[in-house]
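Please take these sequences and the hints and turn them into a complete structure.
So the protein sequences, as listed, match chains A and B.
Residues in the first sequence are numbered consecutively from 2, following the numbering used here.
Residues in the second sequence are numbered consecutively from 160, following the numbering used here.
Simulated from the structure, these hints should not be mistaken for laboratory data.
Each statement offered as a hint is correct.
Partial pick of chain B residues on the chain A-facing surface, computed with a CB cut under 7 Å:
(1) H201
(2) N207
(3) P210
(4) R274
(5) V277
(6) F288
(7) S289
(8) S343
(9) I493
(10) L494
(11) S501
(12) A503
(13) L504
Partial list, computed: chain B residues near chain A (C-beta under 10 Å):
(14) Y196
(15) Q198
(16) T203
(17) K271
(18) P272
(19) N283
(20) I285
(21) M287
(22) I338
(23) G486
(24) D492
(25) M497
(26) E500
(27) V502
Quick reminder that beta carbons are idealized off the backbone N, C-alpha and C, glycines included.
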Amino acid sequence: MKKQLDRREFVKIGGLVTAGTAVGLGLPLLPLYRASATGEVADLSGKRWGMVIDVSKCRDGCTACVDACREENNVAHHDDPRFDIHWIRKAKVSRRVENAREISMPLLCNHCDDPPCALVCPVQATYKRKDGIVIVDKHRCIGCRYCLIACPYNMRMFNFKSNHEWHNETYPVRAHGVSESCHFCHHRLDQGMEPACVEACRKANQGAIVFGDLNDSSSEVSKIVADGRARALREDLGTHPKVFYVGL
Amino acid sequence: MKIEFAPLEGKSPQFYLFMLVLFGVAGAGLFATYLMYTQGLHITGMSNRVPWGISIVMLIYYIGLSAGSLVLSAMSALFGRKEFKPFARIAALLAMLLLVGALLSMILDWGKPDRVFVPFMYFNFISMFSINGILYSTYIAICFVYLLAMFAEKEKLVGVIALIAVIWAVGVHSGTGAIFGFVSRELYESPLLPPSFITAALSSGTALMIILLQLLFRYTERPFDQRYVKELSRLLAVFILVVAYFLFVENSFRAYNIGHREAASFFLFGGSHSMVFWIGLIGMGIVVPALILFTPSTKNSIKMINIAAILHVIGVLCERYIIVIPGQLHPADILPNMNVESVALDGAIVSYSISFLEVVQALGVAAIVAIAFMLGLRIFAMLPTQALIEDETS
Numbered sequence: 002m003k004k005q006l007d008r009r010e011f012v013k014i015g016g017l018v019t020a021g022t023a024v025g026l027g028l029p030l031l032p033l034y035r036a037s038a039t040g041e042v043a044d045l046s047g048k049r050w051g052m053v054i055d056v057s058k059c060r061d062g063c064t065a066c067v068d069a070c071r072e073e074n075n076v077a078h079h080d081d082p083r084f085d086i087h088w089i090r091k092a093k094v095s096r097r098v099e100n101a102r103e104i105s106m107p108l109l110c111n112h113c114d115d116p117p118c119a120l121v122c123p124v125q126a127t128y129k130r131k132d133g134i135v136i137v138d139k140h141r142c143i144g145c146r147y148c149l150i151a152c153p154y155n156m157r158m159f160n161f162k163s164n165h166e167w168h169n170e171t172y173p174v175r176a177h178g179v180s181e182s183c184h185f186c187h188h189r190l191d192q193g194m195e196p197a198c199v200e201a202c203r204k205a206n207q208g209a210i211v212f213g214d215l216n217d218s219s220s221e222v223s224k225i226v227a228d229g230r231a232r233a234l235r236e237d238l239g240t241h242p243k244v245f246y247v248g249l
Numbered sequence: 160m161k162i163e164f165a166p167l168e169g170k171s172p173q174f175y176l177f178m179l180v181l182f183g184v185a186g187a188g189l190f191a192t193y194l195m196y197t198q199g200l201h202i203t204g205m206s207n208r209v210p211w212g213i214s215i216v217m218l219i220y221y222i223g224l225s226a227g228s229l230v231l232s233a234m235s236a237l238f239g240r241k242e243f244k245p246f247a248r249i250a251a252l253l254a255m256l257l258l259v260g261a262l263l264s265m266i267l268d269w270g271k272p273d274r275v276f277v278p279f280m281y282f283n284f285i286s287m288f289s290i291n292g293i294l295y296s297t298y299i300a301i302c303f304v305y306l307l308a309m310f311a312e313k314e315k316l317v318g319v320i321a322l323i324a325v326i327w328a329v330g331v332h333s334g335t336g337a338i339f340g341f342v343s344r345e346l347y348e349s350p351l352l353p354p355s356f357i358t359a360a361l362s363s364g365t366a367l368m369i370i371l372l373q374l375l376f377r378y379t380e381r382p383f384d385q386r387y388v389k390e391l392s393r394l395l396a397v398f399i400l401v402v403a404y405f406l407f408v409e410n411s412f413r414a415y416n417i418g419h420r421e422a423a424s425f426f427l428f429g430g431s432h433s434m435v436f437w438i439g440l441i442g443m444g445i446v447v448p449a450l451i452l453f454t455p456s457t458k459n460s461i462k463m464i465n466i467a468a469i470l471h472v473i474g475v476l477c478e479r480y481i482i483v484i485p486g487q488l489h490p491a492d493i494l495p496n497m498n499v500e501s502v503a504l505d506g507a508i509v510s511y512s513i514s515f516l517e518v519v520q521a522l523g524v525a526a527i528v529a530i531a532f533m534l535g536l537r538i539f540a541m542l543p544t545q546a547l548i549e550d551e552t553s
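Structure below.
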């Protein structure tokens, strides 16, 4: 009997100590919570980000989106096509017929709703966020490069070399040995801004890229997608990309 | 007849010299890995378009070779071929160590091998790599218990574990094939890959055992019945035919199916990998060994059988190469029926050249496996003092 009481008392004291420690450690964090709750970060709940690219407005030779992405995200350029990293890149595309018109268009991570890269990642370093962005946790990535193999669009890139181009000091550079790809500039979205490529394209007077919330049926992207003119790349694969192209 | 086991003598100068060479190669391999780890994988032949190189080839090669050990142990424990019992211990040891070699190839290939514990903390149970990681490590554990049971001479338990090991091996080999077969890449995607991987595993593993057993018994100067070689060569002959059959089905599917024809012609006639396919795999790995093993005048010659086995072991290495590499050289079809051109080499056929460092690393892992195997034989009573088939008449 005495022994049981002892144990109960022990649990009580232990519980109090644990709770006290937790509150004590947690208190200093409270201002942080308040800061985020008072609107310094945009409210992004319920969003599902998507992009529409009108290739008829995309100009050959214009690399505004690519340059902006490099500047914003410190994307590494090593002057070697084997190791250069591209989150967004310009491609020249033409139908395999005679006298085919050459189309200029950007290619970037499609942020698939069923991303094969996340499917194969053995450590869940690549995952799809609630807002649909497919992102890599570079602190968890083991560098096995299975995502590069699995991506049917070849949009995954691996840091074969360390990245020293620190254009944007507010965004980290990456060490060699981890994979990466476009993440729709999630850090800019948090501040209520658009991805860097979208802004750059508009500033270059092209306005070929439209970005927005696919969950909001009144957003421009939703309207274009609902319209039926937009096509995603390799829709037959069942990956359900959230980057769409008009005019392909 | 009671089978007696004894450790290797391991006192001859040759033994020490052999071990010294192995340690040297292992050291070189680890140094190559250190260079890759500190400088980044750009010092290898890999690239963003060809992210998997020799390490992955070796990973699946090791997995396949381990199947031969299983054949040997299953022969005595499951199929009642008691004359194969002398090899049960070395077979289990080798299966275990080859799996370790496979895991080592996999981990040393990572961009961040220091994050080796991360996969234990965060599983993605639908990733083929995670599934295989679990299958490989449990298989190592099964082989270890199997070995213990044999040392304890618990006959019934050995039989049960052998059965479990065989079932588990089907998973291990299928899972390895699925790393590629279940990915939607034109020259990877194939439900045939898991079963065809199993057959090439059985054939290459058996061929390896044919060579290895003879070497072990010759250099330890222990009596060895050549009839074992003939027995195993009969199995090898059948396995080789099944491998050829799977290759035929897979490639004729690609060549026949309009959508895959372009990729098929790239695979079969599109570059240096096609030479690896035709000369390495089809010629050395299948046609010549099959001719040797089915021609009445050569099929009973130990020398010819050995040539067939060596050629086939090399041939299956070529097979592993063409599983991994050509599928990456061929571009992803991002926009069907369109020509695509970009700075990231979209739509272009790329090349991969094996780098010296990758080869050194691969040899290093092989040396580590060999060191562990030799030490196992040296310390524990694994190798039988003699392996002779008893004649029923005597």
